[in-house]
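Number of protein chains: 8
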Amino acid sequence: MKIQPNSKLLMIGDSITDCGRGRPIGEAAFNALGDGYVNLINAFLTASSPAARLRIINMGVGGNTVRDLAARWNSDVIALNPEWLSIMIGINDVWRQFDARLQTETHISLEEYGHTLEGLIRTVQPQLRGLVLMTPFFIEPNRSDPMRAMMDQYGAVVRELAQRYGAILVDTQAAFDSVLTTLHPMALANDRVHPNTTGHMILARAFLKAVDYVW
Amino acid sequence: MKIQPNSKLLMIGDSITDCGRGRPIGEAAFNALGDGYVNLINAFLTASSPAARLRIINMGVGGNTVRDLAARWNSDVIALNPEWLSIMIGINDVWRQFDARLQTETHISLEEYGHTLEGLIRTVQPQLRGLVLMTPFFIEPNRSDPMRAMMDQYGAVVRELAQRYGAILVDTQAAFDSVLTTLHPMALANDRVHPNTTGHMILARAFLKAVDYVW
Amino acid sequence: MKIQPNSKLLMIGDSITDCGRGRPIGEAAFNALGDGYVNLINAFLTASSPAARLRIINMGVGGNTVRDLAARWNSDVIALNPEWLSIMIGINDVWRQFDARLQTETHISLEEYGHTLEGLIRTVQPQLRGLVLMTPFFIEPNRSDPMRAMMDQYGAVVRELAQRYGAILVDTQAAFDSVLTTLHPMALANDRVHPNTTGHMILARAFLKAVDYVW
Amino acid sequence: MKIQPNSKLLMIGDSITDCGRGRPIGEAAFNALGDGYVNLINAFLTASSPAARLRIINMGVGGNTVRDLAARWNSDVIALNPEWLSIMIGINDVWRQFDARLQTETHISLEEYGHTLEGLIRTVQPQLRGLVLMTPFFIEPNRSDPMRAMMDQYGAVVRELAQRYGAILVDTQAAFDSVLTTLHPMALANDRVHPNTTGHMILARAFLKAVDYVW
Amino acid sequence: MKIQPNSKLLMIGDSITDCGRGRPIGEAAFNALGDGYVNLINAFLTASSPAARLRIINMGVGGNTVRDLAARWNSDVIALNPEWLSIMIGINDVWRQFDARLQTETHISLEEYGHTLEGLIRTVQPQLRGLVLMTPFFIEPNRSDPMRAMMDQYGAVVRELAQRYGAILVDTQAAFDSVLTTLHPMALANDRVHPNTTGHMILARAFLKAVDYVW
Amino acid sequence: MKIQPNSKLLMIGDSITDCGRGRPIGEAAFNALGDGYVNLINAFLTASSPAARLRIINMGVGGNTVRDLAARWNSDVIALNPEWLSIMIGINDVWRQFDARLQTETHISLEEYGHTLEGLIRTVQPQLRGLVLMTPFFIEPNRSDPMRAMMDQYGAVVRELAQRYGAILVDTQAAFDSVLTTLHPMALANDRVHPNTTGHMILARAFLKAVDYVW
Amino acid sequence: MKIQPNSKLLMIGDSITDCGRGRPIGEAAFNALGDGYVNLINAFLTASSPAARLRIINMGVGGNTVRDLAARWNSDVIALNPEWLSIMIGINDVWRQFDARLQTETHISLEEYGHTLEGLIRTVQPQLRGLVLMTPFFIEPNRSDPMRAMMDQYGAVVRELAQRYGAILVDTQAAFDSVLTTLHPMALANDRVHPNTTGHMILARAFLKAVDYVW
Amino acid sequence: MKIQPNSKLLMIGDSITDCGRGRPIGEAAFNALGDGYVNLINAFLTASSPAARLRIINMGVGGNTVRDLAARWNSDVIALNPEWLSIMIGINDVWRQFDARLQTETHISLEEYGHTLEGLIRTVQPQLRGLVLMTPFFIEPNRSDPMRAMMDQYGAVVRELAQRYGAILVDTQAAFDSVLTTLHPMALANDRVHPNTTGHMILARAFLKAVDYVW
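Protein chains in written order, with the numbering used here: chain B, 1 to 215; chain F, 1 to 215; chain C, 1 to 215; chain W, 1 to 215; chain Z, 1 to 215; chain G, 1 to 215; chain D, 1 to 215; chain S, 1 to 215.
Chain B with its partners taken away, still in its complex shape:
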């Protein structure tokens, strides 16, 4: 697996990452990783490779956009000195443009999104051994749905940044899309955003495959 033994992996994001994690730090020692994909990844790694001593920290915060990440980047990422970092952000950046269409001050434009995310990467990368970028997603198979279409644009930015900075890419949207040929979104998430355990397993598997984890 790409992540070296004894590494500390910090995973940051929004409510999909957060999932009820402990505060101020969400960490496995006290079962405080929440109950989403971060918790599943930790369970996988500890169950199959306990000797690797991988330490996972969940720093997701519900409702966050990339602008919120920037505001807490120093305290919540830099200061914690992770060797590995994963970022999954952008869902709220897009969502607010549809469920809060008149509150334009809460909207994060594609430009601000890309610019800000790139800035965060540049700040942190020098101190990392590995970086994982996870695309945002919308559990909606209809690519012409305006919110799905916009989410795909934001996902493209992540894909591009992964390439530019040599990060590992986790294409979460693709992972969901392959299941959506069989399942209706209602079988994964009523609001097409917050997945049930099956949806989090899809995320965890996509992450683990991207880091060459062997089952």
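What the hints contain is simulated information worked out from the structure, not anything from laboratory work.
Backbone N, C-alpha and C fix where the C-beta goes; we use that ideal spot for every residue, glycine too.
Some hints could be false.
Capping the alpha-carbon separation at 20 Å, the derived lysine to any residue pairs in SDA-like fashion look like this [claimed, not checked]: (1) D/LYS2 with D/LEU131; (2) W/LYS209 with W/PRO50; (3) F/LYS8 with W/GLN103; (4) G/LYS8 with S/ALA156; (5) F/LYS209 with F/ASP177; (6) C/LYS209 with F/TYR213; (7) Z/LYS209 with W/GLN103; (8) Z/LYS8 with Z/ILE168; (9) W/LYS8 with G/GLY114; (10) C/LYS8 with B/PHE98; (11) F/LYS209 with C/TRP215.
Now the stretches of chain Z that chain W is said to cover, found in silico as 3 or more residues with beta-carbon under 8 Å [as the list claims (entries may be wrong)]: (12) 34-45; (13) 67-78; (14) 200-206.
Rough simulated footprint, nothing fancy, chain S against chain D, three-plus residues with beta-carbon under 8 Å [stated by the list, open to error]: (15) 103-114; (16) 144-154; (17) 178-190.
Starting from the known structure of chain B, fit chains F, C, W, Z, G, D and S onto it as the hints suggest.
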């Protein structure tokens, strides 16, 4: 307005109708109409025509399919002797086929749906002065979404039954569709099923227009 | 309709306006408008004219008098830069003189009421495109009831200020009076102050008619 | 005082009597008399005449009309063998005609009221040493208010029955009226029905004066 | 009655006075007088003499000793400018010596008690129109019980101070003693300190008699 | 110790025994012995003699009198086949005569008490290996207090029955009395009935000494 | 994978299986599978093979022993007609002998365990397409710990029955043992019985490997 | 007994000591000693020697290590001026190394443990009349269990410090070990750390024997 003064109007359906109504009878006297479209219709009618003395009873039950309506038709409709009746059912009949795809015993086929609904209408119509049939809906503008496509089929059954039995038709799906050209579903209902107050206002307006209510 | 597309309308007042709104800002984006007339007005406008993009903000606070409005006028009105503003205040200014008759420091005299309200109007009007003044009300048909009589005096001040400053007047008392010829106050509000949904619909209709809203 | 030492006094009525009493029997032994006039009367009698050993039982039930009293008369009055009985009923009999105007099956007509109440009296009087009839009341000084006007009619029935059956009359409406020349109803009860402690003290005093209690 | 119309009467003390009053000020306007003797006195005075406009403020705090009163005397008494003041303190001063016998820092000696209470009186008396001193009490008929014996000593201090400063004395212990010839303490207060409604009625009557209230 | 290894000891009584035990059977296996003297006795015996395998069952019920014990004797004692039995009953039998003085139907006379208790003993003794009778108590050093005086009479009955039937006597009143020469009742129980942990330790010690437990 | 497409797999057991599942049937449709290994297995299978349409039902009940399974075998297994069945039982059968050592009626001997479990298998096997037997486990690496030693005996019975009846064996104890060479039990379960997510992942993996699931 | 009459004994430690004590000071006067061994010791001493006037203060805090004790030593020990002090610390110092193996910053090495504990002793001893050192414990009879083995090392440090500084030693591990020859750990504590009442009684007895308490 088509509904005669001094009438009792019973409104039956699923969670969209229920909306936290009082038990066992949901009635305005004690603010027990719930907080959905039934409550709004009552407020409209009382505010603008208090002298008409229209009595509204909410008999919605969350999660109900047409099969559930049949099981409680005698106690919850016939025995209450309404002069007017509105029915909005079918959302769960369709939904279970997508969010509980393997639990086939909870699915209501198009055939069972039409057959059962027609039976209910035939049983009650002789004692009514007026019948209102409201189509089920799915707040999804993409007509090729499988759940929307299936909902349209169930709605067509309602449209046909309204014509066959001379009932007033409320095409709730059409009412939502006209707003969805401007608004994304996320602005009305996260799960595209349970609307916010704006969505209930759309339902109430559609109903009131169908009965020739004058604002 | 008089309110221009893309306007931000701020509605301020006491508990009738508040109705459990979100804090610190009550706004429709997250269903935080409370469940009173403000919420109904928003639902009306969004349901029938979604393209007008009217943004409504509820800044009501339960128990407020005009003296309380003055204390938070800068932070809760001026700083939020509304294009339109509605004010409904005065019920507590009068009420305290009857339910807290000995706590005279909580009473707002007619003079203080008029003087303060006029000051608030003068401060904010230059930055507004439109101002709506709603009279306070008491759901009591007996005009010789002392509290109703006093409320009418405070309402007269509002009527006069509306004329002097060219504001749109919403005569809420008149709206209730026309229904009270048919309904006893007990059918609208046990305490003759806090209305049920029918009462809030009466307020919403009065407001919408005053701004030439077309149903 | 008219009530003999060692008597058991049962007080029955609606929510004004109930006031959160214990179930199934509300009795002072375990502080289960509720917190209304019944509790105050017990406190008065025990504090000033503990040796008289007067036992008070509260059998009020919120929402009751005289029709409800009739349905539980055997179990809740006859079977408990009181020596003295007080009855205060009628507020809901009238109230429903105003706050539930369309639910006519909940209205108790003046005729049914008088007829039923008289029947109850005739059934129980033979086993009593003393009977106290308390009029219903409405804390509304305006005698032309329709609900007050109707309450006065029901009160007149009580007055007449008291005379016909030699019962002690407690004119609660008169007791409130004398205070209402100074206080607005808002100082006693927001809904003009459920009094604060001052209102319950007015009821207790009226009762105690009627039975010649010496302070 | 000795208390002049339009007076403000502030009543201070410990949990017997407090009884769940509102914070920061316990006042009748909003039913915040608690449910003890203060509330009863207010109900008496308002019910029988509403025109006298007596304003009562409850400033009791559970657990207080005279040392605690001194610490909040400025904010809770002086700053509120009462015309009349009642003080009932001393129960905890004594009690702690029996239920917290080893925590001697919580004990208030007879000397500190008298000295502090006198200081409070001297500070406030110049601004008062009337002062009422209520003795502390212990609902224990056995005068040789050590806690009763000590309470009698503290009560004697109050009696002496009332005489020295011309205050009205309310001998609450005597009021309870006269009832205890008939009733066991268990009929008034399980812990012989916190009375039920009957016990509070005893306190209210003792106070009202002392100020020549006419029933 | 008198209780043989491998015995089952059932302890029955009122709230002092109950202390929040599990239902329907209060047993140590699942920490369901409550938190009173029964729990302490179990902890003592298990901690110092785990090999003795003494099984303790708590069948106390709050509020019980000897009349209540009789009503559940078959299901709660006989059917459970204990080898040893302890009974502590009588506090409520006496208490009701003081805190519910007018509810005479709840009073258990000395005669009924003795007669009933003796009947229970005669029914169960043939199947027992050992019987322990614990006197009721009142944590009141003043022997002329009427409730204490009456409790002593009931205790005398227990003492006499212990002698007549060869039972082991636990004189709980004497155990408390010896401590009350130093401590005021307030240091053990605010209501002089329900002890704190120190009081339960006194009960546990008295029991253990009576069965010759060696520390 | 050994489990055929379109199969219904019922998983029965004790609290490790239950994990807060829905009642009366725990099924994935409404996220009612609990949050233990059953839920993880369902997430795995749905995420990677949605087209296989495997339906999983969780019928675990906390605290159950094999004796409890027998009592509900007809209603909870036979009547639900599963094609596949997994059983994991025995932990409480052993545990009670250590934490409730004196309550021998709750102990399930090795003989009763084997006999009963075999009877259940024989009753259900004819109607199954596949049977999975999971050993009970104790997360204790010290094989000479008496509870671990006894658990190993019960596990041996399961191993033997799997062979005799051609069932698929899941050796959960072996799965835990291999991790316990690296991790202390405290890293998996404070009480060495109820695992955290890592422990449930170990169970899920062991199950999936046994049925030849391909990741 | 070694502890002199009128002494104040402060007991500090982790959750075993804390057990839900009052805040900020846990003291017997208001039943705030928690429900663990500290409470039992107080009950013993007060029940059998009330005249000795021993005052016990519980300053345990759940989760504490010796590093946490150092951080609050001044405010929680020195400033409270105890005559006697007991310390039981070390369980979490060891535990974290097993249940939070990757969070090495929470681990307290044997060296830091001994060094810090000795520093605390040296700081406080000059102002004490007596010091009691209680070893940490792990309710695990298998001495080769890694956590037990490590706990024994930390216990050895306590034993050595007790000798070096002339403190009274309470060997809690030995006390548990003698019972564990008969009982499985599951009969005392599910997690082998937090004991039930029997376990706390074992701790209380060990303490009391060490200070020569006579039963």
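| task | Would you mind confirming whether the straight-line C-alpha gap from D/LYS2 to D/LEU131 stays at or under 20 Å? | result | holds (11 Å)
| field | Residues of the segment 103-114 of chain D with Cβ under 8 Å from chain S, three needed, outcome | value | Since 0 is below three, the answer is violated.
| Hint consistency between F/LYS209 and F/ASP177 [alpha-carbon to alpha-carbon, up to 20 Å] | Roughly 16 Å between the alpha carbons, so the hint for F/LYS209 and F/ASP177 holds.
| Given the proposed pairing of F/LYS8 with W/GLN103, does the C-alpha separation stay at or below 20 Å? | holds (10 Å)
| Would the pair C/LYS209 and F/TYR213 pass a check requiring their Cα atoms to be no farther apart than 20 Å? | holds (17 Å)
| Under a C-beta cut-off of less than 8 Å, do 3 or more residues of the segment 200-206 of chain Z approach chain W closely enough to confirm the stated coverage? | Coverage by chain W holds for the segment 200-206 of chain Z (4 residues, Cβ < 8 Å).
| message | Holds or violated: Z/LYS209 and W/GLN103, Cα atoms, limit 20 Å. | response | Violated: Z/LYS209 and W/GLN103 sit about 51 Å apart, past 20 Å.
| query | Is W/LYS209 within 20 Å of W/PRO50, Cα to Cα? | reply | holds (18 Å)
| message | Tell me if the straight-line CA distance from W/LYS8 to G/GLY114 falls inside 20 Å. | response | Violated - the C-alpha atoms of G/GLY114 and W/LYS8 are around 30 Å apart, more than 20 Å.
| For the pair supplied as a hint, F/LYS209 and C/TRP215, is the alpha-carbon distance within the 20 Å limit? | Holds, at roughly 10 Å.
| request: Would you mind confirming whether the straight-line C-alpha gap from G/LYS8 to S/ALA156 stays at or under 20 Å? | output: violated (40 Å)
| said: Check whether the Cα positions of C/LYS8 and B/PHE98 lie no farther apart than 20 Å. | reply: holds (18 Å)
Hint check: violations occur at hints 4, 7, 9, 13 and 15; the rest are consistent with the structure.
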